[in-house]
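Q: Starting from the given sequences, assemble the full structure and let the hints guide the process.
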Amino acid sequence: QNVFSLTVNKCDHPDVGTYRAHIDNGIDKTEHAAKLNVGVKPKVEAAKPANDQTCVIGQDTQISWKFSGIEKPQVTWLFNGQPLPTNERFEITETEDGTSTLSIRHAELNDKGIYTAKATNAVGEVEAKTTLNIAGIKPLITNDLDAVLQATKGESMTIKLSATGTPKPDIVWTRGNDELVPSDRIQVTT
Numbered sequence: 001q002n003v004f005s006l007t008v009n010k011c012d013h014p015d016v017g018t019y020r021a022h023i024d025n026g027i028d029k030t031e032h033a034a035k036l037n038v039g040v041k042p043k044v045e046a047a048k049p050a051n052d053q054t055c056v057i058g059q060d061t062q063i064s065w066k067f068s069g070i071e072k073p074q075v076t077w078l079f080n081g082q083p084l085p086t087n088e089r090f091e092i093t094e095t096e097d098g099t100s101t102l103s104i105r106h107a108e109l110n111d112k113g114i115y116t117a118k119a120t121n122a123v124g125e126v127e128a129k130t131t132l133n134i135a136g137i138k139p140l141i142t143n144d145l146d147a148v149l150q151a152t153k154g155e156s157m158t159i160k161l162s163a164t165g166t167p168k169p170d171i172v173w174t175r176g177n178d179e180l181v182p183s184d185r186i187q188v189t190t
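For the sequence shown, our numbering assigns the number 1 to the initial residue and increments by one for each residue that follows.
Wrong hints could be hidden among the right ones.
[What the hints assert, rightly or not] Once the Cα atoms are required to be at most 25 Å apart in a straight line, the calculated BS3-like pairs of lysine-lysine come out as: (1) K35 - K10; (2) K10 - K43; (3) K168 - K138; (4) K41 - K118; (5) K72 - K118; (6) K66 - K118; (7) K43 - K72; (8) K118 - K129.
Since the hints were derived computationally from the structure, they do not count as laboratory data. None of the values given here were measured: they were computed from a predicted structure.
A: So, in C-alpha cells, the structure goes:
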C-alpha cells in the first residue's frame, strides 16, 4: 500500500477550495476530491458583564458574551455545568455581531450559580463563564412601633408593624427574652 499526502502549512482563507488527487498507475486512472474549508476557532471577543454579577431577587438580569469565529459559532448555555433549564423565565437571544444574551426574568434564590456560554464551530470551542449571585433586600421597617404602648386591663391590644424586604421577611414577637407563641390569648398574623 502506498501512502500519498499533501500538506498545506499555515492554512488561510486563500487555501479554501476543492483539492483533487489524480491517481494513475499506467493501467488505469482514478480521482478523489475533498473540499477544504478554513475555519477560525471560536474566541471570546468581549464580555458585557464582568465574570461576577449580582442581581436582586425578583428583578430581571442579563448575561451577555460576544464570540467570533469562522464559521460563526453556535452558542449553548449551561447552568452549573448542566443544560440550562427550559422555562419561561429564561430567554436566549443572539445578534449578528456574535453576541449571545441570556435573560433571566424575576430572579430567584436558586438562580445563583455559574452560567457558561459555550461557543462551538467545526474547528473548536470556547467557554465563557459568569458567576451570578442573588442578593436580597434587607428588611426595612416602614411603620415603626410606638416607644410606649398603653393597654386597658381586660381589653384586647394590637401592635402593628410594617416591614419590607426581599425575600419577604418573617417576624418573631418576644416579651422580654421570651418568644411569644400563638395561643387562645395571643394571635400573630403576617
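Q: Between the alpha carbons of K43 and K72, is the straight-line distance 25 Å or under?
A: Given pair K43, K72 holds - Cα atoms ~10 Å apart, limit 25 Å.
Q: Please work out if K118 and K129 have their alpha carbons no farther apart than 25 Å.
A: holds, 9 Å
Q: Are the Cα atoms of K10 and K43 separated by 25 Å or less?
A: Holds: K10 and K43 sit about 19 Å apart, inside 25 Å.
Q: Check the hint pairing K35 with K10 against an upper bound of 25 Å on the C-alpha distance.
A: Since the Cα atoms of K35 and K10 sit roughly 17 Å apart, the hinted pair holds (cutoff 25 Å).
Q: Does K66 pair with K118 here, judged by a C-alpha cut-off of 25 Å?
A: holds, 11 Å
Q: Between K168 and K138, is the straight-line Cα distance small enough, at 25 Å or below?
A: Status holds; Cα separation ~9 Å.
Q: What's the verdict on K41 and K118, does the C-alpha distance respect the 25 Å limit or exceed it?
A: Holds: K41 and K118 sit about 12 Å apart, inside 25 Å.
Q: Please work out if K72 and K118 have their alpha carbons no farther apart than 25 Å.
A: Holds. K72 to K118 sits at ~13 Å (cutoff 25 Å).
Violation of the numbered hints given earlier is absent; every hint is satisfied by the structure.
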